[in-house]
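Same order as they appear, the protein sequences are chains Y and X. Per the numbering used here, the first sequence starts with residue 1410, numbered consecutively. Per the numbering used here, the second sequence starts with residue 1246, numbered consecutively.
No lab work stands behind these hints: they were computed from the structure. Incorrect hints may have been included.
What the hints assert, rightly or not - Below, a list of computed lysine-lysine pairs in the DSS-like style, where the Cα atoms sit at most 27 Å apart:
#1 Y/K1557 - Y/K1478
#2 X/K1413 - Y/K1733
#3 X/K1412 - Y/K1474
Quantities reported herein were computed from a predicted structural model and do not represent experimental measurements.
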Amino acid sequence: MSTELLIQYGVIPIIQILVVMIVVLTVVAYGVYAERKILAFIHSRLGPMRVGPWGLFQPIADGLKLLMKEDLRPSVADSLIFVMAPAILMLAAFSALTMVPFGEGTTMFGYEVPYVIADVNIGILAMLALSSLSVYAVVLGGWSSNSKYPLIGALRGAAQMVSYEVALAFTVVATLMIAGTMSTVGIVEAQRELGAWFFILQPVGFVIFVICMVAETNRLPFDLPEAETELVSGYFTEFSGMRWAFYMLGEYAAMIVMSCLAVTLYLGGWLRPFPNSELTAFLDVIPGPLWFVLKGFMFMYFFMWIRGTYPRYRYDQLMTIGWKVLIPISIANLFFTGIIILLVQAAAG
Amino acid sequence: MELLFFYIFAAVILGSAVMMVTRRNMVHAVVWMVITFIGVASLYILLEAEFLAAVQILVYTGGIVVLFLFVIMLVNLGDIYQVEWLHRQWLPALLLALLLVTEIGFMVWVGAQDVPAAPEQSEAILRGLGGNVETLGMALYTDFLLPFEVASMLLLVAMIGAIYLAKKRV
């Protein structure tokens, strides 16, 4: 194999993977800090203030503490699955990140450097498929603890994630029909061609997607699987130390994946607002990847914001919203999107 | 290179499939089944059937097997550990397995004589029509529309039937 091929298909992907891993792990660690701060401000508190200036070193201190904690394992637990389950959440989230398009890509030292690790023609489908694996972390973690509260949490989690995935998939399909492709890069390019971010063309779909996104990541107001007022802390009650940290961080990694998915599908990825209009051309001083990250953080903030402002739903309410409200609306959305696409095509000739 | 990956995935599939049918603990069996399905999805990717691979993971691994786990967890938990080895059904099982092996062996033996032509040709077809998804979509909604609709009808009927049967007992 020639050196050029080796660099193009060997070295560059490895560098890309390392960069994404390091950046996302940092965001995950500081996501916990950001959430504590934002929640504190919503509650009129200060949040972590002791470790470092404004408590900035809190994540490092927490990480060290969790690393040094004793490794507890219930004696009745199914040890193999108990050890394996926490890793699945991270695995699902990080493998889905390979398809996220952070920008247009550049040429460096004569080599093409795309700002996406893998631009495959089934991008969105693969992302949904891989992130759907995270349900195993919840189910197996809860079951292997061999205890009552985790099992109830696991069953709730499985039912919830499978139900909301249906509505999520239907709204995504409506967007894909407009884009005409499943490649994540292709979807952003389609938004450039149409000159509008897809949330303008898919307002209903966007709202449903955001609701399902919160439910898929088991966040408040949909955090029934870990409802601490009734289930101690749900499916990961028995976990401690590093394994608990994996669940905690995996939740943030899943939030990042869902935010990236939302930005790609509805907020034009790395594009500026109204990418075809001359009026917003001055906004190009902000480079593409930065646009992507800014939009992503907007969703992350949204996750934390609604956690601070909404109470938790009851379990039957959760199922009613999923099956009797979101799924019918998303199917109707799909139907009307199809009709409008056909009408537009007919009008265009 | 491709052959090497094929052998790796094949080993994973066969190994986890054997582990799946020999586990006494139902949940362990399901976990091995998940690994088998992921191995099959990898083989699909190797065959350049990416859409099939993604659907395999999304539908089977992410959906149906979760329901398996759900059912196993909902039925009496104590019974899980006392699943009997083979249920004294080894004779019919052996006969069926033999029949299946003969059948597959015969098909492979016959099929080996007219293996479809070089992969370059199929790749050219794919390139001509766009990607994997487009080709599949065109085939399903034009040439094979009737079988496709019949299959979806069948699934709908099965679903309604299942709901009807379950509702009666509630």
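Against the structure, the hints come out as follows:
1. Restraint check: the Cα-Cα separation between Y/K1557 and Y/K1478 comes to about 24 Å, which is no more than 27 Å; the hinted pair holds.
2. As the CA atoms of X/K1413 and Y/K1733 are separated by approximately 22 Å, the hinted pair is consistent with the 27 Å bound.
3. Pair hint X/K1412 plus Y/K1474 does not hold up; C-alpha atoms about 51 Å apart against a cutoff of 27 Å.
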